[in-house]
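Below are the chains, spelled out letter by letter.
There are 2 protein chains.
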Amino acid sequence: MPLPFAQRTSVEEVEEGSLLSPKFDSDGLMPVVTTDAQTGELLMHAYMNQTALMKTIETGEAHYYSRSRQTLWHKGATSGLVQYVQQLLIDDDQDCLWMRVTVAGSGASCHVGYRSCFYRQIPVGTEAVDSSSPIALTFTEAAKTFDPQQVYGDAPNPTQL
Amino acid sequence: MPLPFAQRTSVEEVEEGSLLSPKFDSDGLMPVVTTDAQTGELLMHAYMNQTALMKTIETGEAHYYSRSRQTLWHKGATSGLVQYVQQLLIDDDQDCLWMRVTVAGSGASCHVGYRSCFYRQIPVGTEAVDSSSPIALTFTEAAKTFDPQQVYGDAPNPTQL
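Heads up: the sequence lines are chains C and U, in that order. Last residue of the first sequence: number 161 in UniProt numbering, and the count goes up by one each step with no gaps. Last residue of the second sequence: number 161 in UniProt numbering, and the count goes up by one each step with no gaps.
FYI, nobody ran anything at the bench for these hints, they're computed from the structure. One or more of the hints may lead you astray.
Pairs count within a copy or across copies, as identical chains cannot be separated in the list.
As the list claims (entries may be wrong) - No more than 20 Å apart at the CA atoms, straight line, and that leaves these computed lysine to aspartate or glutamate pairs for EDC-like: (1) 55 x 127; (2) 144 x 154; (3) 144 x 13.
Between the sequences and the hints, there should be enough to build the whole structure, so can you do that?
Have a look at this one:
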C-alpha cells in the first residue's frame, strides 16, 4: 500500500502547502515532541519512523520507534500508560512532529517513574557557572508516580552511558 | 577552561543524580524543545552543541547550533526575536533539553513568519487516511506575525528538500 505522503517538490510547497510531505532523517526517523494536551508540560522527546507515524495517525494512540530496542513501540503496551493523541502537528520544513496527548492511568510518561522525563532543572545565569565543579541540577518533581521495577520488572533500561 | 559537566559513570547517577552530565550525539549535538513559558505552546525544535549550551546557561538567552549554517546561532541576532530563558530542564538520560522562554518583539519564533514553527495540523483517525491521496494538513495559525522577506532579506532559507 503506498504511503499517503506527498513528494517534496519545492520549499514553498513544503512550508506553505497543505499536503503532508514528511522528511525522515538518514536513519528513517523524525523527532517527536510530546506534551500534555491540557497543561502544556513537555512529557517526552522521542522518534517515529514511517510505520510509527502511520500507526499513530490511524489509531490515535502514540506509536514511536524505539532506538534502544530497534522496534516499533506502542507507548503504554507494557505499562498501560497509553498516550491518546488530541492533536498532531508538523513543523515548517516537515521534519519534526508535535503531539498533544492525554495519558492513561497514572498519567506518567517517563520510564524512571516520573510524570515527565524532564524532572530536573539546570540553573541559568553567570552565577550558575563555576568551572571548577559540575553544574548542579534541582529536581522539579517531588516524587515518582510509579515504581519502575514493579511496572517494567527486569526489562533492560533504555538509558545508555 | 574545562566544561562544568560531570562524567557519565552510571545509569543511576545520570538518571537520579544532581550533576549535569549531558550526552551529545555523534555529531556533537543535542535536541532542544523550546516552548512558550506562559502558554506551553511548542515554538521550535532545534539543536545545541556544547558551546551553545554553555552560552545559553551563561547569558540566559537561547543559543543553538545551526545545522544548515553550521555555526553557533544566537536566536534573534538577525530578527530581534531573542528568546529569554525562564527555565531550562534536562531529561532522564540527559540527552535532550527543554527550554521555557519568553520571546522579544512580536513574539514569533518561526523563520516562515508564524508564531510557532508548528502551524499545521495532521488529521488523526482512520477516516483521515485514504491511501490514494496525500493526507491534507490544516493551518492552526490564521496569519503570519512578520514578513520574512523584510526581516531576513535574501538570506538563504534553512528549509531543505
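Here is what the structure says about each hint:
no., hint, result
1, 55 x 127, "between (47 Å within a copy, 13 Å between copies)"
2, 144 x 154, "within (19 Å within a copy, 50 Å between copies)"
3, 144 x 13, "between (45 Å within a copy, 16 Å between copies)"
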